[in-house]
Structures are given as structure tokens and as C-alpha cells.
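**Q** Let the sequences and hints guide you as you build the complete structure.
Protein sequence lines correspond, in order, to chains R and S.
Residue numbers 1 to 156, in this note's numbering, belong to the letters of the first sequence in order.
Residue numbers 157 to 312, in this note's numbering, belong to the letters of the second sequence in order.
If you're looking for bench data, these hints aren't it; they were derived computationally from the structure.
Heads up, a few of these hints could be off.
Taking beta-carbon pairs under 10 Å as the criterion, some of the chain S residues facing chain R (in silico) [said to hold, decoys possible]:
no., residue
1, Q192
2, A194
3, F195
4, G196
Glycine included, C-beta positions come from ideal geometry on N, C-alpha and C.
Number of protein chains: 2
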Amino acid sequence: MRIMKTGLSAAACAVLLTLGATASAAEPEDAIHYRQSAFGVIGWHFSPIADMAKGDVEYDADEFARRAQNVADLASMPWEGFVDGTYQNDGHGINTDALAKIADNPDDFQQKQQDMMDEAQKLAKIAQEKDFRTSRAQLSKVGKTCKNCHDDYRAE
Amino acid sequence: MRIMKTGLSAAACAVLLTLGATASAAEPEDAIHYRQSAFGVIGWHFSPIADMAKGDVEYDADEFARRAQNVADLASMPWEGFVDGTYQNDGHGINTDALAKIADNPDDFQQKQQDMMDEAQKLAKIAQEKDFRTSRAQLSKVGKTCKNCHDDYRAE
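**A** Next comes the structure, spelled out in C-alpha cells:
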């Protein structure tokens, strides 16, 4: 067995075999599901700190900082799921809001990714200072980077 | 409008309003979807480096290190999705493999989470040294922590 020869235990292999898509040879549906999952996880962490920023939930500085760090750690991840053949009307049959014009504007799309990553990193850093007003202001900047990209590249 | 008073821009609010579940008041289906998404994202990054470890894909030290770091960053995230009322047969009607015995063994479940987080952090660190054999060995240890938990708490 090749698996045994490589030094991976049978136990570990059993786990690996249960894992899903590989990025190296991802099917369109896997890439779409991946990026949607990544955005979902980002939303899970962003939403409660946005609620704090809006005043709907009491500001919890530690919780804000923890979730802001998670958002920053996640910010680089969704983008590798945006690959050719995975956009709207690409014939994959999967429900996605990602417009095909993404493929026509790679530089702009990449810049918008970078803006989001940069502002999210700043948010994580600022949140560690545990000041509500500066944290709220920076969260708003992150939100704007989301909107900037959605306005151009996400279906209504 | 309360939203305007808090200093969040209308643009940012528009984004926030499109976000989904809040962790603070998550419905069972949101928590289940969240943790499944988090595991899916972990699998997306773990699977290709496992393929390298198995010899199915050529070892790319930079790529291995990048994905190992992502796995380490993600390792702390799924667990907050495991809350009361979200396990199998809890009446939520969502398809989940998470066994209800998780709720009966919180200390053991938490220890298994910690084991996974610890080994994933070690993997990210070791992967930076860009040595195939040590990286492969540590990846196997991470895989074992997955299996240890799945054996006890995940349905077949």
C-alpha cells in the first residue's frame, strides 16, 4: 500500500479519506461551496461585532477583539474559490451570486480583495486596544470594502 | 435612525444587513451550518497538504506552509457551533453527524478540540521549516486528532 509506505498512519489516512474536495483539482461546485462556506464563516464572526457597533448588542471588548482576529485570519481565504468556470451562467448548475465579470476584471477584483484584507488586519489590531469608538470606525471601513466588491461583482 | 446615530455609514450597514446569522442568538440550523462550513474550509486546506503527505501530489513547501497556517488559524473556530439543541435527534430537522453524546461529555469534547488546535499550531510552525518528513509526520498527528474526535462523537 502506498499509504503505508509514506509513513502516514492508517488512522490518519482514514480521516484524510473522509475529507472532501482538493483545491488542486477542484470541481466548480467544490470551489463555489468552498468560497460560500468561507464567507459564511466570516459572516458568523463579523455579524456579532457589527451588532455591537450598531448598538444592538453591548460592546464586549474581548469578544470584539477575538472575532475581529478571526475575520482577519479568514480574510485571505475565500478568493482561491473564484476560478474560471465557477461564475454565474458558467454552466455548472450551482446557485451563485458571483458575476462572470469577475473573470474580466482580475486586477480590480484582486485590488478589492486586498482592500478587504488590509482593513480587516487593521481592525484586528485596533480591536486589541479595546476602544469602542475606534473599533467601530474601523469595522465600518471593513464593511465598506465588502460593499465595494459586492456592488460590482455580486448579483442583486 | 439608530443606525445613523452610531456612526456606521449607510454603506457599511447595507453590508451588515446582508449578513446572516449572529452567534449571539443563533438558531440551531445556523450553528450547524456554521460549524459544517468551518470544517469544510478546514478540509479544503487540509486535503491538498494531505495529498502531498501521501505522495499523491508533489510536495510544495510554500503551499504546504500556507495551507498549514490556514488550518491552524481555523482550528479554533468550529467549536462554538456545537451548542445545545444542535445535535442529532435534537428535533431541529437539520442533517448533522454530531452525536448527542457530545453534550454529555463536555470536558472530553473540549480536550479533543484542544488536542486538534495544539497539533495544528505545531503543524503550522513545523511547516515553516519546509522539511517534508517532519511536516508529514506532524500532519499525521493532526489527522489523528480529527479521527479521535470523529470516532467518539461523529455518526458513521
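**Q** Broken hints, numbered, in rising order?
**A** none
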